[in-house]
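Protein chains in written order, with full-length UniProt numbering: chain A, 1 to 274; chain B, 1 to 286.
Do not take every clue at face value.
Taking lysine-lysine and the DSSO-like style, the derived pairs with C-alpha atoms no more than 30 angstroms apart in a straight line are [said to hold, decoys possible]:
(1) A:Lys60 with A:Lys48
(2) A:Lys60 with A:Lys218
(3) A:Lys183 with A:Lys128
(4) A:Lys134 with B:Lys192
(5) A:Lys265 with A:Lys190
(6) A:Lys176 with A:Lys60
(7) B:Lys192 with A:Lys60
(8) A:Lys218 with A:Lys134
(9) A:Lys60 with A:Lys183
(10) A:Lys183 with A:Lys101
(11) A:Lys2 with B:Lys231
(12) B:Lys231 with A:Lys218
(13) A:Lys128 with A:Lys218
(14) A:Lys128 with B:Lys231
(15) A:Lys176 with A:Lys101
Simulated from the structure, these hints should not be mistaken for laboratory data. Every value quoted in this text rests on a predicted model; they were computed, and no experiment measured them.
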Amino acid sequence: MKRQQVIIGIVALVLGVLLFATPFMFIGITAVKSAAEASHLGLSLPSKWLFWENFMAVIKARNYMLLLAYFNSTVITVGAISLLAVSAAMIGYVIQRRPSKWNGFIYALILAGLMIPPAVVPTIWLLKELHLFKTLHGMILIQVAYGLSFSVLLFRSFIASIPRDLDEAAIIDGAKPWQVFFKVILPLLKPITITVVLVQSVTIFNDFTNPLYYLPGKDNVTVQLTLYNFQSQFSSQMNLLFMNILLVTIPPLIMFIFFNKQIVKGMTAGAVKG
Amino acid sequence: MKSSRSYPYWFILPSGLIYLVLFLVPTVTAFWFSLTQWDLFETRFIGLENYSQFFQEPFLITGAVNTVVFGAVTSIAKSILGLLLAVLLTSGLLGQSFLRTLIFFPVLVSTVGIGIAFTEIMHPARGMINVGLSYLGIHGPAWLIDPHLALFSVALVDVWKGVGLATLIYIAGLATISSDYYEAARIDGATKLQMFFRITVPLVRPATVTVVTLSLISGLRSFDLIWAMTKGGPGFSSDVLASVIYKQYQAGFYGLSTAGNIILFVLVALIVVPLTYWFNRREVDL
């Protein structure tokens, strides 16, 4: 029995590495090869390691487009996350604490946000009318709108575990509603806030479709769009394309290394309660 | 104590307003725009013409069919593989926490990056998969080049990328099943297989609901992976509604593109809402 377990374990490990690690090894190795060697698409080691050369070539490509893209993506991610975290917590707080006949309606709207695919062209039309089309702040607002439902649900279920006595004590002491929320409740929401921030920042940083529609133009390029732009430009230079993939993968990798547990918690939250 | 004073509705306003303007308004107005010929400035009402065009063009119908196939295949595969992997990775195997981490990592990686990498990995002649298969004496298929296979090849990559999340949701679900059930079954002489089908599968149901719903919603809306790998090709063989919407938008057919959006919306609602209802209605009988 014990021995059988060890054998299954070894087989699972070998298969797991083969299926899930080799694609990343392939990306890493191709990224440091010469263009000629990379075009063979093999897993063999490069005859010459060209990490630095390829790295610089990708950074410099199209007038330092990747650096601009990193800047834009960071602005969008940080801006959207800051807005999302606080305002989603406020919504989650009110709908959890204040049962009313409106709640069913509000929940329906929240679930709609999780399910309905955004109507793209009408959104573009609206963004144009509001002079938000092709702007970073417009993109930030879009990300807030699209990420709101998920964040509110996470906050709501967490707030349900905070005793009402806390807010009531503060209210009796004469605190105003916004003071109760910002001074008493918000500090207690730290764990769930971290989770929301991590999950949403990975989602927003990796978002490709929405910037493709709402943020066209080379000044507005985001990290994911550089991949798409370079895909045609680097079609004969697989090594540079893959170096780009590698560079784009680094931020989520760093997050993953440091915050694996919180990310997993956020992404599987609510799964068990059904 | 009056809850209306303590928990004011204006707390909803800041992002509620953003949600209303940038999500709900476009969704509602889309129904009108889908009935028009539209250049973003002027609309001309043409009734259901966009819809009738949608259901007459063979490649647009292909897109709708492919959307359902892609959503169904990926969500079924993710829930079955996810459950099996979850059971395997909670059985106290050697290196199981390492394997959990390894399988989950692709979830966080850029979909476009994964798509580009797998386009090369699936190269018919030199790609890693077919080279690997040739060592085993198998002549690998043409994956993305074969019109009959392209959609399924993309679905395979989608499952590869997303199965880690399904596995983790199932692992969380398995943790809620009391070991008493297994203990009792063992005393009654149940086999492992019986325990899996009679205890694990029914009791892990909330996790199944989550996995199936989540992967269906994302699968039916899937765009970036397909766009990075095939752009709907060869021909229109791997087009889905989301890529049709983008192509019509690029071509300047805004009314038609919006009609596609409405069709996708109705499709998602028609599949997901009854399914959730059915999932929640059925009782667990043990």
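Hints, one by one, checked against the model:
1. Note on A:Lys60 and A:Lys48: the hinted pairing holds, with a Cα-Cα distance of about 21 angstroms set against a maximum of 30 angstroms.
2. A C-alpha spacing of about 15 angstroms is found between A:Lys60 and A:Lys218, which places the hinted pair at or below 30 angstroms, so the restraint holds.
3. Straight-line distance between C-alpha atoms of A:Lys183 and A:Lys128 comes to about 39 angstroms, which puts the hinted pair past the 30 angstroms bound.
4. This hinted pair does not check out: A:Lys134 and B:Lys192 have alpha carbons roughly 58 angstroms apart, beyond 30 angstroms.
5. A distance of roughly 14 angstroms separates the Cα atoms of A:Lys265 and A:Lys190; the hinted pair therefore holds under the 30 angstroms criterion.
6. A C-alpha spacing of about 54 angstroms is found between A:Lys176 and A:Lys60, which places the hinted pair above 30 angstroms, so the restraint is violated.
7. Between the alpha carbons of B:Lys192 and A:Lys60 the distance comes to roughly 58 angstroms, so the proposed pair goes past 30 angstroms and is violated.
8. Straight-line distance between C-alpha atoms of A:Lys218 and A:Lys134 comes to about 10 angstroms, which keeps the hinted pair within the 30 angstroms bound.
9. Taken as a hint, the A:Lys60 and A:Lys183 pair is broken in the structure, with Cα atoms around 47 angstroms apart against an allowance of 30 angstroms.
10. The hinted pair formed by A:Lys183 and A:Lys101 meets the criterion: a straight-line CA distance of about 28 angstroms does not exceed 30 angstroms.
11. Of the pairs offered as hints, the one joining A:Lys2 and B:Lys231 is violated, with about 49 angstroms between alpha carbons and a cut-off of 30 angstroms exceeded.
12. This hinted pair checks out: B:Lys231 and A:Lys218 have alpha carbons roughly 21 angstroms apart, not beyond 30 angstroms.
13. For the suggested pair A:Lys128 and A:Lys218, the alpha carbons sit about 18 angstroms apart, so the restraint of at most 30 angstroms is met.
14. Restraint check for A:Lys128 and B:Lys231: the C-alpha separation of about 27 angstroms stays at or below 30 angstroms, so the hint holds.
15. Only pairs whose Cα atoms come within 30 angstroms are accepted, and A:Lys176 paired with A:Lys101 is accepted, the gap being roughly 24 angstroms.
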